[in-house]
Amino acid sequence: MDIRKINILRAIIEAYIDMPTPVGSRTLSKDYDLGVSSATIRNEMADLEDLGFLNKPHQSAGRIPSDKAYRFYVDEIYENFGSFEDKLTSKKLKDEILRSANNHEEFYKKTVSLLADISNCTAYLVAPERNDTEIKRIVLVKLTEKEALLVLIGNKGVLERYTLEIEGLNDEDIYYIEDRLNEKITGIDFNKIKSLKISLSDDYVKHARFISNIIKLASGFNKKVSSVEIYYDGLTNILNFDEYKDLEKAREFMNLVEDKDSLFEILHENNFSRDIEVVIGEENSASLMKENTIIRANFNLSNDTFGSIGIIGPVRIDYSRLFKLLKVFRDAVTNGLREM
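Counting from 1, one number per residue, gives the positions in the sequence shown under the numbering used here.
Hint data in this document are derived by calculation from the structure and do not stem from the laboratory. Positions of the beta carbon are idealized from the N, C-alpha and C atoms, including for glycine. It is possible that some hints are incorrect.
To be verified - Calculated cross-link-like contacts (lysine-lysine; reagent style DSS-like; alpha-carbon spacing at most 25 Å):
#1 Lys216 / Lys146
#2 Lys68 / Lys5
#3 Lys68 / Lys324
#4 Lys156 / Lys5
#5 Lys68 / Lys216
What the hints assert, rightly or not - Label pairs and their computed distance ranges (CB to CB):
#6 Glu105 / Arg4: 46 to 54 Å
#7 Glu105 / Arg209: 44 to 52 Å
#8 Phe306 / Asn43: 44 to 52 Å
#9 Glu248 / Arg4: 35 to 43 Å
#10 Tyr162 / His58: 56 to 64 Å
#11 Asp75 / Phe306: 53 to 61 Å
#12 Ala286 / Tyr175: 52 to 60 Å
#13 Phe306 / Val139: 25 to 33 Å
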């Protein structure tokens with residue numbers, strides 16, 4: 001494709017991103033310095049339509065970009081901004097997230113909240129899978145006469161808290177049970193915990209049910225480790241786009257995102273081949289995503305531990321701005337998690 005067609009196609013895409021109405025040759029001639037007449041622009045637009053880069057809506061003199069056009073545009077952006085980074089902005093963003101995050105879950109929630117606000121799209125984050133294979137420590141704290149806090153800590157950082165009902169346990173009892181459980185359970189493979197037998201002195205046999213409940217929770221701890229958590233925010237941002245003025249269509253999109261199993265399948269169906277991956281319209285396999293674009297990036301914590309962060313919006317989004325924004329967020333998340 002020659003440079004004149006490229007310039008005209010780029011102008012049409014940017015005009016349509018700015019205002020979702022079919023773009024005509026007169027608009028291009030007036031608003032863009034293309035250096036050619038309106039008649040020439042019309043001829044080039046007809047050629048671009050024949051090449052599959054433009055579509056002509058019914059009863060309209062203007063054209064709108066096709067998915068093929070957006071793919072061409074995005075590939076061009078990648079060539080221009082593939083090595084883009086903004087270390088200062090990334091550091092400020094990382095520091096802002098860390099200030100309000102006391103644990104990994106709060107970190108992820110704050111990240112997607114900020115990304116949704118700044119991008120004006122739906123933001124998501126797939127948390128890194130953890131490699132915990134055993135419990136490192138059990139902490140048992142008496143809160144009231146009727147409740148105790150149980151904390152299970154994995155050997156690679158996964159942490160789970162449970163509030164348990166207690167009856168007739170004093171502080172000394174709590175310390176004894178905590179010590180016995182740490183002696184028997186810590187350092188044991190998850191799969192072996194359930195079959196453990198813990199002998200108790202006569203004074204503590206009456207608390208066997210309470211202890212058995214803790215063992216049951218500990219044996220199910222690996223489900224937390226092996227599960228993949230998806231965080232998202234900005235679901236209603238989709239209503240800001242003309243493409244989703246149809247509330248039924250918007251509701252279908254929201255239901256899809258809220259179905260975490262389906263969402264995870266969509267987000268993980270393609271391998272990452274680039275630093276920033278863009279899946280446009282028809283490139284999505286799910287029918288409800290074929291009018292949307294996913295911009296996503298991996299963030300690595302180590303050679304075998306990684307997650308992904310991304311933006312979901314209609315095909316008509318500001319690719320250039322969001323491409324750079326996601327890079328900044330990806331770097332902030334990577335550095336922030338390493339600090340944590």
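Item checked: Hint check against the structure, violated hint numbers in rising order -> Failing hints, ascending: 4, 5, 7 and 11.
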